[in-house]
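*Asks:* Residues per chain, in single letters:
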Amino acid sequence: MVIFVWGALVYFKERTPPTDASEVYVVAKQWMWKVEHAEGQREINELHVPVGRDVKLIMTSQDVIHSFYIPAFRIKQDVLPGRYTVEWFRATKPGVYHLFCAEYCGTQHSGMVGSIVVQEQAQYEAWMNGGSTGPLSASGEKIFAELGCATCHRTDTPGRGPNLQGVFGQPVQLEDGRTVTADENYLRECILDPGAKRVKGFQPIMPTFQGLVSEEQVNALVAYIKSISANKPPGGAKATASVVAPRHEPGETRAQAGERVHAQPNGSQVQ
Amino acid sequence: MSMSMTTPILQPVERENYLNKEYGVWSWLLTTDHKRIALLYLISITFFFFIGGFFALLIRLELLTPVGDLVQADTYNKLFTMHGMVMVFFFLIPSIPAVLGNFLVPMMIGAKDLAFPRINLLSWYLYIIGGVMMLHCMLTGGVDTGWTFYAPFSTSFTNTNIIEAGLAIFVAGFSSILTGLNFVVTIHRMRAPGMTWSRLPLFIWAHYATSIIQLLGTPVIAVTIVLVAAERALHLGIFDPKLGGDPLLFQHLFWFYSHPAVYIMILPSMGVITEIIACFSRKRIFGYHFVAFSSIAIAVFGFLVWAHHMFVAGISVYSALVFSFLSYAVALPSAIKVFNWTATLYKGSIHYDAPMLYAFGFLGLFTIGGLTGLFLAALGIDVHVTDTYFVVAHFHYIMVGGAVMGYLGGMHFWWPKISGRLYPEGWARLAALIVFIGFNLTFFPQFVLGYMGMPRRYYDYSHMPEFQVLNVLSTAGATVLGVGYLLPMVYFLWSMRYGKPASDNPWNAAGLEWKTASPPTTFNFDAEPVVTWEAYNYEELDAPHKEGVPVAR
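So the sequences go chain by chain: P and X.
Numbered per the numbering used here, the first sequence spans residues 1 to 271.
Numbered per the numbering used here, the second sequence spans residues 1001 to 1553.
Just so you know, these hints were derived from the structure itself, not from any lab.
We put the CB at the ideal spot given by N, CA and C, even for glycine.
The reader is advised that the hints may include incorrect statements.
[What the hints assert, rightly or not] The calculated label-pair distances, taken between Cβ atoms and stated as ranges, are:
1. Leu1061/X to Gly95/P: 31 to 41 angstroms
2. Arg178/P to Gly1237/X: 15 to 25 angstroms
3. Pro18/P to Tyr1318/X: 18 to 28 angstroms
4. Val1472/X to Lys93/P: 28 to 38 angstroms
5. Leu212/P to Gly1237/X: 15 to 25 angstroms
If we strip away everything but chain P, and leave its shape as in the complex, we get (with noise of 0.2 angstroms):
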């Protein structure tokens, strides 16, 4: 009993991501781990982190489950296609720690491995001035009108699509009377499924992104949205809500995704 409450405690803290968390972006793909921080920095199979600061760790998979698995840490979340889980961590030593894949994939399985880059923080600071292409949110605007979205969605007038400025962290009433919470995976889903669960009064005229966008593109666009929104809610993107997977693609997105990635200087940035 005692360590049934004990365990479920832990588990409870392990779960609940605190709001202020630095944000980070993971996809997994058959083998390997693309790493996206909220500021902009890009890596593979590895990831950097201050010292002392909460990370949140927003991932999804482009084809079967994996899972982030860092032994030192004692933390280990399945990442699913289809959907966002979370988990996050605070590093409180400098050092390189094992990043492990714990959800059989395939092959290579054991090749996708990592590692966890702890850092001062005036080290880390270095490390993250090194190459940037601006902040993921930044990426994530341009997105947003790359797509046109800004002429349904807009700001200064009512259009034919909710305005998203403030909406992440609020409930909304959906057409079909249920209320639901707009966190990272419910706005992942109105980008890739948006007929799912439509906002109430509006039509369902928006089509699905589904293969248009990578998920390297819905996590800046989701990225985006959050940063329009002007107060932060508790609680932010759940594991657990409950998603209607969408349909993909998976050719498509895959080569759309590796042309992103291959652009970008694996581990140059590191000191």
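Go by the hints and put chain X onto chain P.
*Replies:* Chain X alone, transformed into the frame defined by chain P:
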């Protein structure tokens, strides 16, 4: 002596029994005698056990060094997959029920045979058909998903022959369902006069509970396999999110069967251990009714804990809390059993014969396996150690340390009844010791490896060479364990020809199966027995002025 029809070399007067009644291949392949079917099962599961064991040995040899050198990554992935599938579906699940259960359930309750002898034979044929399909699947390339078949890897990504492997398990599953059905009906309808529910040996209670799980759980895995095949072949969106499915649905369905399946493996073993401990402590089992109902409780609770395999899979925090709590609840009946066995040993007149050594091995290993299960049920710890070697060690302690120890103990205990011969006791004790030492050497280091963070299903650990020492220990243990498993097979075979003839009741044990000849006649008893005594009446058996208890022969 001269009137004997059989060869009089070893046994001057050999009575007619189920083994010598008929000869020839067809008398075996078309038999409806539960004892012969049990032997058919014994031969087939031993075959699969050594195939699965061979895969295990290759896995351990590959992990001897951190780099992948013995086999290729894909081969390694197939090895652990086939090891799991063969051991779970073609050895552990049928092991005790289909061999010892088949042989003993009718005899223990005083029946001539199972309720449906032909269905019993059918279930063996289904097992063989499934087994042949599995062999064919292995020979034509095997499967690389892990025995857990997790979607969407199994449905959309792997290019190995999932459908054939699934079908093999599907067919073998029906064998399991039919065996369960047969046992339930037999235990309800075929008990001898006077054999009331509370006089049943606890082996029977354990098999009754097992049968319920087989009947209710196995159809779910069958459905799951069909859904996987449908998604794979027809691209129906069930599990793969790209097709509109939900990968967690697969895990719920899979574990809804596969967790209770653990109890299909361990409950019969608990039944065996109960018989052995009572016999070799010369005492009535302590708390008979508690042990009996704890079997049923395990069968019921076993269906309510499946999602404890999924604490990091992305289920809600609240359902994880519920499943963690229920997992503690299922530990209670198991603990009741362990305490009752220990209480039975207390002040017993303990004999250290080979079956008892296996029973002691079971007690120690199962307790370690069970207690580490509590670690895993604790949510905070599970997050760290799930999907690592800690889990691998935990379930091997339950399935090998528990189920296989029970199976070997039972084989030694009832071998004189099955074969009519005695095995060499010294060798048997040595083998029990080797198995115990080899087992611990193999799997204890894996607890440490898992705690240090080595994930399971890793073919290459060159990024973390610090794990090598423990892996070498584990591999060394596996070779010892292999010897320990080969020995009983050798001396059992040897004893069939050269062993001393066994008396009807060599252990002076209670139970109806010992009140008939060794080996028994085709219909077990010359006349229907009438039971007038309580189960485990060892005090009565050992009382100085009584020659056992009266039995109608």
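*Asks:* Starting from the hint 28 to 38 angstroms, judge whether the C-beta atoms of valine 1472/X and lysine 93/P obey it.
*Replies:* Holds, since valine 1472/X and lysine 93/P (Cβ atoms, about 30 angstroms apart) stay within the stated range.
*Asks:* Indicate whether the distance between the beta carbons of leucine 212/P and glycine 1237/X respects the range 15 to 25 angstroms.
*Replies:* 20 angstroms, holds
*Asks:* Does the Cβ distance between leucine 1061/X and glycine 95/P fall inside 31 to 41 angstroms?
*Replies:* 34 angstroms, holds
*Asks:* Given a hinted range of 15 to 25 angstroms, is it respected by the beta-carbon distance of arginine 178/P and glycine 1237/X?
*Replies:* Hint holds: Cβ distance 22 angstroms, inside 15 to 25 angstroms.
*Asks:* Indicate whether the distance between the beta carbons of proline 18/P and tyrosine 1318/X respects the range 18 to 28 angstroms.
*Replies:* 20 angstroms, holds
In terms of the numbered hints stated before, the structure departs from none.
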